[in-house]
Amino acid sequence: MTTASREDSSRPITAVEESRIFLRLRFLLARSTLRSMLGEARLRLSLVILLSALFWGSLYGLFHEAFFFVDSLHAEVVPLLFNAFFSSLMVMLVFSTGILLYSGLYTTPEARLLLTLPATSATIFNHRFQEAFWFSSWGFILLGSPMLVAYGVVRGAPPHYFILLLPFMVAFVAIPATLGGIFCMTLVAFMPRVRVHALSIAVGGALAAIAWLAGTAFASARAETMSAEWFEQAFSRLGITEQRLLPSWWLSSGLLEAAARAKDGSVWRHLTESLRFLAVLIANALLLQLVAGWVASHFHRLGASQLVGELPARRQRRMSWFDDLLSRTGTARGRPLRLLLVKDLRIFRRDISQWSQFVIFFGLLGLYFWNVRVFNYQHSYAAMIGFLNLAVVGLILSTFTTRFVFPMISLEGRRFWILGLLPVHRDQIVWSKFLFSFLGGLGPCCVLVGLSDVMLGLDRWLIAIHEACCVSLCAGLSGIAVGLGARMPDLRESSPSKIASGFGGTLSLVISSLFIIAVVLVMAVPTHLFLATAGGADGSSLAWAGTPRAVAGGLATVLVLGFAATALPLALGLHAFRRLEP
Amino acid sequence: MIEFSGISRSYGTKVAVSDLDLTIPRGELFALLGPNGAGKTTTIKMLVGLLMPSRGHVRVAGHDLVLDPRGAHLHLGYVPDEPCLYDKLTGREFLWFIADMFGMPRGLAERRIAAEIDHFELGDFADDLAESYSLGMRQRLVFASSLLHDPETLVLDEPMVGLDPRSVRIVKDLLRERTRAGMTVFMSTHTLAMAEEMADRVGIMVRGRLVFLGTVAQLRQHGAGRSGTAGTGHESLEQLYLDLTSQTGAVAPR
Chain A
1 MTTASREDSS
11 RPITAVEESR
21 IFLRLRFLLA
31 RSTLRSMLGE
41 ARLRLSLVIL
51 LSALFWGSLY
61 GLFHEAFFFV
71 DSLHAEVVPL
81 LFNAFFSSLM
91 VMLVFSTGIL
101 LYSGLYTTPE
111 ARLLLTLPAT
121 SATIFNHRFQ
131 EAFWFSSWGF
141 ILLGSPMLVA
151 YGVVRGAPPH
161 YFILLLPFMV
171 AFVAIPATLG
181 GIFCMTLVAF
191 MPRVRVHALS
201 IAVGGALAAI
211 AWLAGTAFAS
221 ARAETMSAEW
231 FEQAFSRLGI
241 TEQRLLPSWW
251 LSSGLLEAAA
261 RAKDGSVWRH
271 LTESLRFLAV
281 LIANALLLQL
291 VAGWVASHFH
301 RLGASQLVGE
311 LPARRQRRMS
321 WFDDLLSRTG
331 TARGRPLRLL
341 LVKDLRIFRR
351 DISQWSQFVI
361 FFGLLGLYFW
371 NVRVFNYQHS
381 YAAMIGFLNL
391 AVVGLILSTF
401 TTRFVFPMIS
411 LEGRRFWILG
421 LLPVHRDQIV
431 WSKFLFSFLG
441 GLGPCCVLVG
451 LSDVMLGLDR
461 WLIAIHEACC
471 VSLCAGLSGI
481 AVGLGARMPD
491 LRESSPSKIA
501 SGFGGTLSLV
511 ISSLFIIAVV
521 LVMAVPTHLF
531 LATAGGADGS
541 SLAWAGTPRA
551 VAGGLATVLV
561 LGFAATALPL
571 ALGLHAFRRL
581 EP
Chain B
583 MIEFSGISRS
593 YGTKVAVSDL
603 DLTIPRGELF
613 ALLGPNGAGK
623 TTTIKMLVGL
633 LMPSRGHVRV
643 AGHDLVLDPR
653 GAHLHLGYVP
663 DEPCLYDKLT
673 GREFLWFIAD
683 MFGMPRGLAE
693 RRIAAEIDHF
703 ELGDFADDLA
713 ESYSLGMRQR
723 LVFASSLLHD
733 PETLVLDEPM
743 VGLDPRSVRI
753 VKDLLRERTR
763 AGMTVFMSTH
773 TLAMAEEMAD
783 RVGIMVRGRL
793 VFLGTVAQLR
803 QHGAGRSGTA
813 GTGHESLEQL
823 YLDLTSQTGA
833 VAPR
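Going down the list, the sequences are from chains A and B.
Residue numbering for the first sequence follows our numbering, beginning at 1 and increasing consecutively.
Residue numbering for the second sequence follows our numbering, beginning at 583 and increasing consecutively.
I should point out that these hints are in silico values taken from the structure, not numbers from a laboratory.
All values reported here derive from a predicted model rather than from experimental measurement.
Possibly wrong hints are sitting among the right ones.
Claimed, not checked - In the DMTMM-like style, the derived pairs of lysine to aspartate or glutamate whose C-alpha atoms are separated by at most 25 Å in a straight line are:
hint: 1; chain 1: A; residue 1: Lys263; chain 2: A; residue 2: Asp71
hint: 2; chain 1: B; residue 1: Lys670; chain 2: A; residue 2: Glu40
hint: 3; chain 1: B; residue 1: Lys670; chain 2: A; residue 2: Glu493
hint: 4; chain 1: B; residue 1: Lys754; chain 2: B; residue 2: Asp646
hint: 5; chain 1: B; residue 1: Lys754; chain 2: B; residue 2: Asp782
hint: 6; chain 1: A; residue 1: Lys498; chain 2: B; residue 2: Glu664
hint: 7; chain 1: A; residue 1: Lys498; chain 2: B; residue 2: Asp663
hint: 8; chain 1: B; residue 1: Lys670; chain 2: B; residue 2: Asp706
hint: 9; chain 1: B; residue 1: Lys670; chain 2: B; residue 2: Asp710
hint: 10; chain 1: B; residue 1: Lys596; chain 2: B; residue 2: Glu585
hint: 11; chain 1: A; residue 1: Lys498; chain 2: B; residue 2: Asp700
hint: 12; chain 1: B; residue 1: Lys670; chain 2: A; residue 2: Glu131
hint: 13; chain 1: A; residue 1: Lys498; chain 2: B; residue 2: Glu713
hint: 14; chain 1: A; residue 1: Lys498; chain 2: B; residue 2: Asp709
hint: 15; chain 1: B; residue 1: Lys596; chain 2: B; residue 2: Asp825
hint: 16; chain 1: B; residue 1: Lys754; chain 2: B; residue 2: Asp700
hint: 17; chain 1: A; residue 1: Lys498; chain 2: B; residue 2: Asp669
hint: 18; chain 1: A; residue 1: Lys343; chain 2: A; residue 2: Glu242
hint: 19; chain 1: B; residue 1: Lys754; chain 2: B; residue 2: Glu779
hint: 20; chain 1: B; residue 1: Lys670; chain 2: A; residue 2: Glu110
hint: 21; chain 1: A; residue 1: Lys498; chain 2: B; residue 2: Glu675
hint: 22; chain 1: B; residue 1: Lys670; chain 2: A; residue 2: Glu17
Let the sequences and hints guide you as you build the complete structure.
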């Protein structure tokens with residue numbers, strides 16, 4: 001090749017050309033992913049669509065009823081409700097987008113590839129931002145749209161209100177999402193070593209602030225829970241979220257204006273006002289995009305270099321005493337099993353993505369359960385809330401068992417040359433995963449269920465029943481995830497998230513959900529009938545279902561279900577794993 | 583041309599690369615050797631713009647990697663030790679993405695993509711998704727992508743990992759052909775035979791310092807001078823390398 005031909009081979013491309021190339025890249029990736037999903041993961045796709053529709057419909061129904069209720073009492077609390085809701089989501093969006101962008105801009109192989117190509121940092125940021133923005137918008141729209149549509153329907157809003165919903169929501173999400181990106185790039189560039197601590201403190205502070213706000217708001221008028229006075233007092237304390245400089249206020253005000261009609265039925269004045277709020281949102285979103293582009297141009301490469309230049313983590317010795325204790329306590333025969341447990345425990349501790357999600361989800365549940373005491377429920381109603389809380393704990397646990405426990409056997413399969421050559425029976429590998437999942441989930445779940453019941457003021461026998469159900473759920477969910485993980489391993493895949501999102505992982509999640517529903521229903525129905533009829537027959541045809549014997553029968557069924565959900569998948573998994581040929 | 587001027591890079595208190603001054607002219611194939619942890623990867627990361635030096639400058643075709651990364655990257659091709667591809671793109675789509683990023687004219691890109699697919703024998707799987715590729719197939723595709731825009735400088739980090747003997751031969755022939763045409767090649771490798779066969783000059787790095795810089799023949803002479811015997815075979819080169827890399831603080835003539 002001559003120098004002349006080389007000069008012709010490459011040239012700096014313009015920002016518009018760069019954007020077009022990345023847009024095409026995104027299109028190709030999306031098309032290919034969609035084709036793969038339609039071809040290989042129809043079950044998962046159908047489930048996602050079905051569950052999303054179910055979730056949307058349930059939320060819509062809930063909000064529809066709620067707005068009817070609120071409208072009939074004190075319609076003026078709606079702006080407060082909107083402001084509180086959107087300002088909370090705004091804080092969460094800043095963090096979630098920041099975390100997504102951290103991964104996308106710095107830690108993925110794609111980030112390293114893009115840094116070695118002649119792409120500008122601003123374009124790389126925009127490319128990764130679009131993905132983070134899409135994820136953030138999707139969650140926000142799924143959560144916010146049923147509420148806003150329900151409000152429009154209840155209020156009889158004009159058609160343009162429904163048309164403006166999407167532009168308003170998208171323009172709003174862009175602001176906290178961009179702020180998250182700016183914070184992320186600044187933090188990585190200037191505080192690379194303390195980024196995890198800084199983020200933890202910020203997330204912790206935000207959660208504490210939200211908890212404090214919720215706690216102080218709803219701690220009022222305990223004696224008259226759900227009354228008009230209670231609502232008024234509670235929402236008046238949320239006035240702090242009505243700051244006019246907050247994008248959440250622009251969004252709330254713009255939407256309320258769009259839904260409003262003048263007394264003569266005219267909508268033009270309100271529509272104009274609404275469009276002004278939309279313009280403010282869009283203008284701020286665009287301004288922040290410019291700022292983010294500038295920050296990316298100046299700090300993105302610096303931050304990436306800082307991260308690449310970080311020293312590997314020092315040897316972790318802080319918990320070694322616990323590992324030593326666990327591996328040495330017990331019989332010599334059980335030592336291989338305990339050593340496998342210690343290995344998994346160490347991996348869990350050192351994988352921030354695992355334990356941080358565990359802490360965040362269970363921490364949020366803990367906050368909710370702690371605040372549940374401020375609602376003064378009737379006894380039978382409180383027991384049902386207790387069962388709902390039990391179901392929520394089970395569902396959260398099932399997402400963890402599917403996401404983190406299900407792929408464990410597949411990942412061991414990839415490293416089979418290590419374990420396969422050790423003097424360890426294959427069964428012990430499967431049992432170690434089960435014990436890891438069961439024991440790891442049991443403690444936090446039982447504490448959470450206990451906390452919920454104590455805060456609801458439930459009787460001891462009800463707490464004991466809930467705890468028994470919780471033990472059954474932990475064992476069953478662990479059995480399902482480990483058993484199916486061993487029965488349907490994906491030995492080619494190295495990414496746990498991809499293993500979990502395959503057919504086996506989806507099936508595990510579906511079976512886990514059905515198991516949770518079965519356990520909770522089998523126990524909740526007789527308990528509710530027993531409490532509603534105060535333990536005595538009321539002469540109806542369902543009287544038998546509310547007797548102490550029925551409650552005991554329900555408990556026995558729960559234990560049988562738990563045993564079956566543990567033993568059957570594990571037996572299948574053990575059988576398959578013994579014959580596994582990696 | 584590649585220029586390292588007074589380059590140093592530290593990780594905390596640990597010095598990974600210290601006072602590296604090195605110029606590799608057009609048309610030279612340079613092999614950087616050294617034991618694990620010697621600073622080779624740090625040097626390559628600074629050369630491709632993934633890492634900024636703590637001190638000094640790295641220039642590619644006259645463009646400073648820190649001040650003008652985009653200008654430098656236009657003249658740079660990079661084959662990392664772990665090939666990175668988009669799993670949901672086909673090989674051909676990936677090549678088009680790279681060609682577009684380098685602003686290659688449509689017709690030229692089309693011809694080059696066809697030529698590289700042919701050259702690296704990617705035809706059978708160029709239209710399959712990259713997620714189905716083996717390590718060797720991925721490595722060949724990355725090679726093809728790094729050469730599409732006919733860069734002035736090619737940086738290779740352990741380039742033969744995962745390649746079968748036939749692909750190794752293709753790569754070796756290609757490197758010879760391109761260096762003859764004026765391309766500068768900077769290669770990090772653990773394979774002494776590869777360096778001996780291909781490199782115009784070798785550099786040996788130990789604990790962040792370049793302890794030897796010269797041709798393989800000079801390395802042999804240097805070893806003979808030290809031991810009083812002339813090295814002849816591959817074993818003796820290996821011994822020379824081992825002797826050099828086991829010396830702590832001893833700086834060989836450069």
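We went through each hint and held it up to the structure:
Under the criterion of a C-alpha separation no larger than 25 Å, the hint pairing Lys263/A with Asp71/A is consistent with the structure, at around 18 Å. Among the hinted pairs, Lys670/B with Glu40/A is consistent with the structure: their alpha-carbon atoms are about 14 Å apart, no more than 25 Å. A hinted pair counts as satisfied when its Cα atoms are at most 25 Å apart, and Lys670/B with Glu493/A qualifies at roughly 14 Å. For the suggested pair Lys754/B and Asp646/B, the alpha carbons sit about 29 Å apart, so the restraint of at most 25 Å is broken.
Between Lys754/B and Asp782/B the alpha-carbon distance is near 13 Å, which keeps this suggested pair within the 25 Å criterion. This hinted pair checks out: Lys498/A and Glu664/B have alpha carbons roughly 20 Å apart, not beyond 25 Å. Between Lys498/A and Asp663/B the alpha-carbon distance is near 24 Å, which keeps this suggested pair within the 25 Å criterion. Using a Cα cut-off of 25 Å, the hinted pair Lys670/B and Asp706/B holds, with the two alpha carbons roughly 17 Å apart.
Distance hint between Lys670/B and Asp710/B is fulfilled; the C-alpha atoms sit about 9 Å from each other, no more than 25 Å. A threshold of 25 Å between alpha carbons decides the hint, and for Lys596/B with Glu585/B the separation of about 24 Å falls inside it, so the pair holds. In summary, the hint linking Lys498/A to Asp700/B is not supported, as the alpha carbons are separated by about 33 Å, beyond the 25 Å threshold. For the hint linking Lys670/B to Glu131/A, the alpha-carbon distance of about 15 Å falls within 25 Å, and the restraint holds.
Restraint check: the Cα-Cα separation between Lys498/A and Glu713/B comes to about 12 Å, which is no more than 25 Å; the hinted pair holds. In summary, the hint linking Lys498/A to Asp709/B is supported, as the alpha carbons are separated by about 23 Å, within the 25 Å threshold. With a CA separation close to 24 Å, the supplied pair Lys596/B and Asp825/B stays within the 25 Å bound. The suggested pairing of Lys754/B with Asp700/B holds, with an alpha-carbon distance near 16 Å, which does not exceed 25 Å.
Between Lys498/A and Asp669/B the alpha-carbon distance is near 12 Å, which keeps this suggested pair within the 25 Å criterion. Proximity of Lys343/A to Glu242/A is assessed by CA-CA distance (about 50 Å); at most 25 Å being required, the pair is judged violated. Between Lys754/B and Glu779/B, the direct Cα distance comes to roughly 9 Å. Compliance with the 25 Å bound is thereby established for this hinted pair. Among the hinted pairs, Lys670/B with Glu110/A is consistent with the structure: their alpha-carbon atoms are about 12 Å apart, no more than 25 Å.
With a CA separation close to 23 Å, the supplied pair Lys498/A and Glu675/B stays within the 25 Å bound. The hinted pair formed by Lys670/B and Glu17/A meets the criterion: a straight-line CA distance of about 22 Å does not exceed 25 Å.
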